[in-house]
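Going line by line, the protein sequences match chains F and C. Residue numbers are given in our numbering: position 595 of the first sequence equals residue 595, and the series is strictly consecutive. Residue numbers are given in our numbering: position 708 of the second sequence equals residue 708, and the series is strictly consecutive.
Mixed in with the good hints, there may be bad ones.
[Claimed, not checked] Pairs of lysine to aspartate or glutamate residues, derived as EDC-like cross-links and limited to a Cα-Cα distance of at most 16 Å, are as follows: (1) K550(F) <-> D559(C); (2) K579(C) <-> E680(F); (3) K259(C) <-> E506(F); (4) K579(F) <-> D562(C); (5) K627(F) <-> D655(F); (6) K489(F) <-> D500(F); (7) K91(F) <-> D118(F); (8) K489(F) <-> E687(F); (9) K579(F) <-> D564(C); (10) K344(F) <-> E383(F); (11) K596(C) <-> D500(C); (12) K550(C) <-> D559(F); (13) K529(C) <-> E506(C); (14) K492(C) <-> E506(C); (15) K579(C) <-> E337(F); (16) K596(C) <-> E506(C); (17) K596(F) <-> E647(F); (18) K490(F) <-> D500(F); (19) K259(F) <-> E506(C); (20) K88(C) <-> E114(C); (21) K529(F) <-> D564(F); (22) K490(C) <-> E478(C); (23) K489(F) <-> E478(F); (24) K627(F) <-> D587(F); (25) K522(F) <-> E599(F); (26) K91(C) <-> D132(C); (27) K489(F) <-> E647(F); (28) K259(C) <-> D689(F); (29) K585(F) <-> D500(F); (30) K596(C) <-> D564(C); (31) K627(F) <-> D628(C); (32) K259(F) <-> E334(C); (33) K187(C) <-> D149(C).
[To be verified] A few chain F positions that, by computed beta-carbon distances, are all more than 10 Å from chain C: (34) E24; (35) D43; (36) E61; (37) A110; (38) T253; (39) A261; (40) Q394.
These are computed hints drawn from the structure, not numbers from a lab. Keep in mind the model is a prediction, meaning the values are calculated, not measured. Note that beta-carbon positions come from the ideal geometry of N, C-alpha and C, so glycine has one too.
Number of protein chains: 2
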Amino acid sequence: MSDALDLFFAPRSVAVVGASSRPEAVGHALLKNLLYGEMHGEDRGQGFQGDIHAVNHKGGEILGQPVKKSLGEIGAPVDLVMIAIPPKYVKSVIQEAGELGTKAVIVISAGFAEMGDDGKALQDEIVSVARDFGMRIIGPNCLGVMRPDTQLNASFGAGAPPPGSIGLLSQSGALVTGMISYAQREKFGLSATVSLGAKSDVDDQDIIRWLGGDPQTKAIALYVEALHEPEAFLEVAREVNASTPIVAIKGGTTAAGAKAASSHTGSLAGASAAYTAAFAQAGILQAHNLGDFAGWARALATQPPARGKRIAIVTNAGGPGVLAADACARHGLELAELSDATMKALDEVLPSVWSRNNPVDVIGDATPERYRDSLAILGQAEEVDGVVLIMTVQAMTAPQETANAIAEAVKADGWDKPLIGSFIGLIGTDVGSYLDAHGIPEFNMPEQAVSAMGALVRRGAWLRRSEAPEAGLERHPEPDLDRAAALVKKAKDAGIANTDLALAREILEAAGVRYNRSATAKDAEGAVKEAEGIGYPVVVKLISNDVIHKSDVGGVVLDLVDGDAVRAACASIRENVEKHQPGAKIDGFTIEEQVKGTEVIVGMSRDPGFGPMMMVGMGGIFVEVYKDVAFRLVPMSRRDALDMIDEIRAQPLLDGARNRPVLDRDELAGLVVRISNLVEASPDITELDLNPLVITERGLVAIDARVIVGEPPAAQH
Amino acid sequence: MSDALDLFFAPRSVAVVGASSRPEAVGHALLKNLLYGEMHGEDRGQGFQGDIHAVNHKGGEILGQPVKKSLGEIGAPVDLVMIAIPPKYVKSVIQEAGELGTKAVIVISAGFAEMGDDGKALQDEIVSVARDFGMRIIGPNCLGVMRPDTQLNASFGAGAPPPGSIGLLSQSGALVTGMISYAQREKFGLSATVSLGAKSDVDDQDIIRWLGGDPQTKAIALYVEALHEPEAFLEVAREVNASTPIVAIKGGTTAAGAKAASSHTGSLAGASAAYTAAFAQAGILQAHNLGDFAGWARALATQPPARGKRIAIVTNAGGPGVLAADACARHGLELAELSDATMKALDEVLPSVWSRNNPVDVIGDATPERYRDSLAILGQAEEVDGVVLIMTVQAMTAPQETANAIAEAVKADGWDKPLIGSFIGLIGTDVGSYLDAHGIPEFNMPEQAVSAMGALVRRGAWLRRSEAPEAGLERHPEPDLDRAAALVKKAKDAGIANTDLALAREILEAAGVRYNRSATAKDAEGAVKEAEGIGYPVVVKLISNDVIHKSDVGGVVLDLVDGDAVRAACASIRENVEKHQPGAKIDGFTIEEQVKGTEVIVGMSRDPGFGPMMMVGMGGIFVEVYKDVAFRLVPMSRRDALDMIDEIRAQPLLDGARNRPVLDRDELAGLVVRISNLVEASPDITELDLNPLVITERGLVAIDARVIVGEPPAAQH
């Protein structure tokens with residue numbers, strides 16, 4: 001299929017069906033953009049150099065081009081057909097294009113799926129016709145496609161970006177327009193832009209695969225509200241992202257945003273947690289605002305990933321250096337501790353009043369040479385993983401010469417670190433990005449530069465991330481997934497939706513989860529015997545069908561450390577029952593291993609699009625109030641599970657703060673993978689919670705669980 | 001003193017001492033900026049229109065100006081003298097200026113306090129000379145002052161901003177330069193800029209007071225790393241902020257940033273928590289990046305505060321509307337639920353396919369009139385507190401006409417809501433801010449617009465914030481601050497630094513804190529008697545000098561609900577001791593009210609600059625791991641205390657999630673104010689913690705406490 005996609009980006013000929021002479025019409029803008037490269041252009045030399053055909057049933061001439069009355073009148077096959085006519089006529093044009101051998105069509109027209117059922121039916125029809133001809137469709141309801149390198153502007157956008165190395169793929173045409181304007185202003189370039197619109201045929205994963213194979217594209221920027229085929233997307237994105245970094249921004253990550261998205265696309269915005277999980281599993285960097293979205297893409301498209309997170313800041317002014325240092329801390333970056341050798345080398349090239357510290361303050365009167373020499377030294381410094389370079393314009397500052405000197409340092413042999421610049425205070429409208437001209441992203445504000453460096457650090461960490469070995473799986477009993485699945489099926493067949501604790505426990509024990517030990521006894525001596533088997537401390541609880549709230553009558557005694565204490569507890573329970581509820585029958589006692597420690601939660605829920613999704617986080621009130629949890633999609637790897645555990649903010653608690661037992665991360669990761677495997681093997685499980693799961697000296701012990709059995713929700717697109 | 005400050009901003013004459021003919025010299029830039037308004041200007045009509053004098057001991061002519069050899073040679077008093085000569089000559093020039101009657105001096109030269117002790121001594125000398133003459137000094141080591149309205153550019157900055165209504169005050173000259181460049185690009189204006197440098201004399205609060213009285217200044221933007229006189233600052237800022245909103249960014253809010261700040265200014269950066277507390281108490285909005293800093297100031301300087309947080313988004317494209325909705329949720333804003341009347345009115349002016357929802361999608365082909373009419377309706381809508389307006393440039397979009405139509409709607413009678421715009425995809429270098437020309441801040445990215453709206457919402461909330469009534473103070477026993485202070489003094493005199501629980505308890509009880517009830521008894525029957533007095537459930541604990549870790553020998557029994565249980569517990573403890581530590585002497589038992597519930601913490605620490613600072617937050621591991629705490633400075637009001645409680649993220653826990661007792665906010669606020677009063681009355685208390693303080697059905701009960709007594713740390717500037 002990638003052959004057909006090639007035709008969208010490198011057609012020999014393009015036709016605009018619905019070309020119009022009215023300046024305000026979309027069909028006019030399409031033709032103008034093809035002819036002149038941009039809507040306000042007048043130079044045919046700046047436009048697409050292949051064959052351009054205007055088609056309108058009225059014929060005539062538009063913008064000096066003879067207008068054909070139909071595609072057939074062109075008399076030659078057309079590689080790419082763009083359609084901007086009322087929806088009801090689109091199908092016949094596609095039919096005609098198909099018959100003439102066209103394999104690539106962009107439907108600009110709106111009025112399809114977003115209009116409701118009738119529109120959706122019309123859309124399905126045109127896709128069906130296209131498929132009969134082996135034709136691919138982008139759209140409907142989209143802005144179009146651009147390939148700046150060949151001056152192909154097959155869109156009705158107001159301008160075109162400089163050629164460059166970021167491939168932009170967006171569900172929203174307006175975001176493409178915005179990015180182009182930003183690119184023009186900041187002087188960075190794009191390799192291709194695609195506005196996907198309703199995604200009736202060509203989908204995110206098609207374009208991502210194509211961009212991944214495009215030698216011009218060094219990074220992919222993706223705006224998405226809802227993926228139509230999440231699994232297929234994830235598979236392609238994971239593969240492409242291994243070599244071409246992807247930055248994504250998801251519209252509709254909040255309830256308000258999701259509602260807005262579904263209102264304008266007519267489809268449900270995917271659940272934010274599932275998207276975040278999918279992006280994390282594929283190594284896609286998720287931005288939460290357009291500034292980071294563009295900034296990270298610029299950095300990833302032009303700079304190498306960082307080997308680590310130790311950053312050096314070079315600046316000729318204090319304030320911006322301070323703000324950059326603050327931003328480093330906020331983005332999880334560290335200021336590199338400069339070695340003695342580095343300090344000594346810097347002493348040689350900097351005035352005596354330099355900061356002798358990181359940020360490296362090269363002083364307000366810094367010359368281009370001073371910047372160059374400092375960079376050369378930091379390039380050699382083994383303790384520095386990346387450099388953020390700040391220049392503020394002061395009396396003696398020479399921005400262009402400084403940019404050139406910086407580029408010189410970075411081109412030298414052995415320079416292999418990322419560099420991000422922030423030139424501050426360049427007055428005038430043509431503020432141009434001096435460093436961008438050298439392939440170094442330059443930002444107006446130091447925090448933006450640091451945020452972009454953060455993307456390079458995370459990208460580096462992702463590339464170094466290897467699959468974790470299987471160690472740890474053995475720390476849970478061998479699971480018997482068949483038995484667990486059979487139990488689930490039995491519950492479903494019996495019409496049990498919400499399993500009780502005993503059944504949930506049986507299912508999860510079969511899946512390899514360890515519970516706290518427990519036993520029952522008829523009397524005190526029996527209880528002592530069981531307690532000895534379980535190991536102290538234990539909890540003793542009343543068994544009585546007559547007593548509903550055992551705690552209320554003193555029917556639960558904690559912290560029993562030996563046989564005498566168990567005996568006393570049994571006696572005390574008998575006394576309490578006699579006193580609070582005389583005549584209640586005592587059937588015996590439950591003796592439970594008393595489990596204390598930090599509580600975590602492991603859960604599974606189903607996303608309508610992505611399917612089952614695992615959750616790991618802090619248990620108890622933590623999970624409810626601080627939402628300190630991480631998500632990944634099923635199926636998942638041990639490495640994914642370890643990443644989830646790393647995402648938990650309350651790391652000190654996992655690491656045994658306050659003399660708590662320390663979490664065995666391998667064990668928890670193994671348990672999460674097992675539950676993930678269980679869920680995959682048993683699609684009847686619609687929800688599952690192990691809460692709490694207690695971190696003890698002897699490993700993880702489950703206390704409570706919930707398994708919901710039923711029909712998985714139908715996929716919603 | 002404000003008379004002297006007037007001379008910095010509205011001098012009739014200015015002299016540059018150290019004027020230079022070398023283009024790269026600061027003394028050249030200063031003269032050029034005065035003459036032409038900006039460094040690259042050539043039009044004297046764009047420069048300062050008062051008298052300009054160049055002074056250099058060499059004499060001659062520079063830039064067509066005759067050079068005087070000394071200030072005295074000018075032959076007339078000079079309102080403002082700028083000095084850019086080597087530090088050692090500065091003092092004599094100041095002496096001369098003083099003798100000639102000058103009251104305002106800007107010392108541009110560096111080489112003073114930031115160079116160490118000798119420099120500091122030199123700086124103190126010049127300030128001392130200046131004070132003898134009643135003269136004010138800005139600097140040393142600063143960029144200077146600008147007053148764009150009168151084309152006064154008394155700085156060596158590379159450019160000057162358009163005149164406007166934001167007063168900018170910065171410890172860093174580079175930040176002024178950056179803001180000017182940003183203002184030029186985004187077409188917003190400044191009323192004044194001041195770079196304070198070393199703040200040897202004129203300090204933040206002086207300028208803030210002056211800007212507060214300046215009719216041109218509608219909002220103040222402050223960059224600060226360290227305040228020299230925090231209390232004086234706070235007093236002035238609080239007063240000014242009541243009528244002129246202040247936005248602040250603090251450099252050095254992280255350990256890395258603070259280290260960088262102290263490295264370049266030679267003074268300690270203030271503790272971040274104390275600054276955040278001070279800003280909150282004064283109602284100053286604290287930004288954490290330069291984008292918000294500038295954006296919030298633009299919004300506050302031009303738009304009214306919002307009456308509430310219900311926002312309407314108007315957009316002609318889906319994607320940016322979705323991102324704006326997401327951003328609203330992230331900034332604590334709500335999307336207004338449009339009333340039936342509003343919907344109906346919008347139906348009248350919008351095409352039938354409009355979103356019928358908020359965001360109000362006016363559709364891609366929206367005309368200026370459609371924007372105007374929609375705005376007019378939202379202006380009338382009682383359910384809308386503010387409007388974020390998004391326009392993306394599409395085929396038919398007319399940015400200038402749309403901006404004019406929007407301005408028309410906003411100028412109509414009855415429009416009293418804030419409006420923030422985001423025009424996306426304006427291609428070209430002169431991207432100009434169409435709306436800014438009408439006094440409406442316009443941003444490139446919708447999230448920036450929403451962030452700016454958030455500032456207006458918070459400003460509105462601050463203005464509506466009234467002092468809380470004193471209700472609630474009576475819920476703690478009447479405090480006896482004299483007795484508490486006497487106990488503290490006694491501890492100090494006795495050389496007790498870290499008080500034990502008993503003494504801490506005594507001090508805090510005198511201050512009105514209620515503890516869990518407790519008593520001691522010699523034997524089981526005595527314990528039962530005390531338990532009856534305390535009320536069940538109780539905890540019984542072993543008293544024994546021989547046993548160190550009581551829990552380890554089974555010396556603590558919880559959950560005792562009646563007399564029999566207490567008897568059994570005493571027996572059990574005797575048995576346990578006999579078993580685990582035979583021969584240990586049992587001195588008796590402590591009987592404590594067993595207190596269960598959500599734990600909060602109230603604490604006090606001392607900031608080197610701001611002095612005592614209160615903390616309130618979630619107790620136990622929460623405070624350590626999630627840092628869910630809020631700070632305010634002593635002295636504080638009940639309203640401040642209530643604000644602190646509101647800042648806690650774990651609100652559901654305070655509100656009784658999971659059937660926990662509900663916090664009485666008035667009671668906690670009252671307690672915080674009492675501790676604050678105690679701390680104010682007893683400066684010997686250097687640190688204090690009530691942790692945990694338990695929320696019970698009967699109110700707040702303290703379980704543990706720590707009071708550290710000693711010398712308060714010396715103030716560090």
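Results for each hint:
no., hint, result
1, K550(F) <-> D559(C), "holds (14 Å)"
2, K579(C) <-> E680(F), "violated (53 Å)"
3, K259(C) <-> E506(F), "violated (56 Å)"
4, K579(F) <-> D562(C), "holds (11 Å)"
5, K627(F) <-> D655(F), "violated (19 Å)"
6, K489(F) <-> D500(F), "holds (15 Å)"
7, K91(F) <-> D118(F), "holds (14 Å)"
8, K489(F) <-> E687(F), "holds (14 Å)"
9, K579(F) <-> D564(C), "holds (11 Å)"
10, K344(F) <-> E383(F), "holds (14 Å)"
11, K596(C) <-> D500(C), "violated (23 Å)"
12, K550(C) <-> D559(F), "holds (14 Å)"
13, K529(C) <-> E506(C), "violated (24 Å)"
14, K492(C) <-> E506(C), "holds (15 Å)"
15, K579(C) <-> E337(F), "violated (56 Å)"
16, K596(C) <-> E506(C), "violated (22 Å)"
17, K596(F) <-> E647(F), "violated (24 Å)"
18, K490(F) <-> D500(F), "holds (14 Å)"
19, K259(F) <-> E506(C), "violated (56 Å)"
20, K88(C) <-> E114(C), "holds (15 Å)"
21, K529(F) <-> D564(F), "holds (11 Å)"
22, K490(C) <-> E478(C), "violated (22 Å)"
23, K489(F) <-> E478(F), "violated (21 Å)"
24, K627(F) <-> D587(F), "violated (41 Å)"
25, K522(F) <-> E599(F), "violated (31 Å)"
26, K91(C) <-> D132(C), "holds (13 Å)"
27, K489(F) <-> E647(F), "violated (34 Å)"
28, K259(C) <-> D689(F), "violated (45 Å)"
29, K585(F) <-> D500(F), "violated (24 Å)"
30, K596(C) <-> D564(C), "violated (21 Å)"
31, K627(F) <-> D628(C), "holds (13 Å)"
32, K259(F) <-> E334(C), "holds (13 Å)"
33, K187(C) <-> D149(C), "holds (15 Å)"
34, E24, "violated (5 Å)"
35, D43, "holds (16 Å)"
36, E61, "holds (21 Å)"
37, A110, "violated (8 Å)"
38, T253, "violated (5 Å)"
39, A261, "violated (5 Å)"
40, Q394, "violated (7 Å)"
In terms of the numbered hints stated before, the structure departs from hints 2, 3, 5, 11, 13, 15, 16, 17, 19, 22, 23, 24, 25, 27, 28, 29, 30, 34, 37, 38, 39 and 40, listed from lowest to highest.
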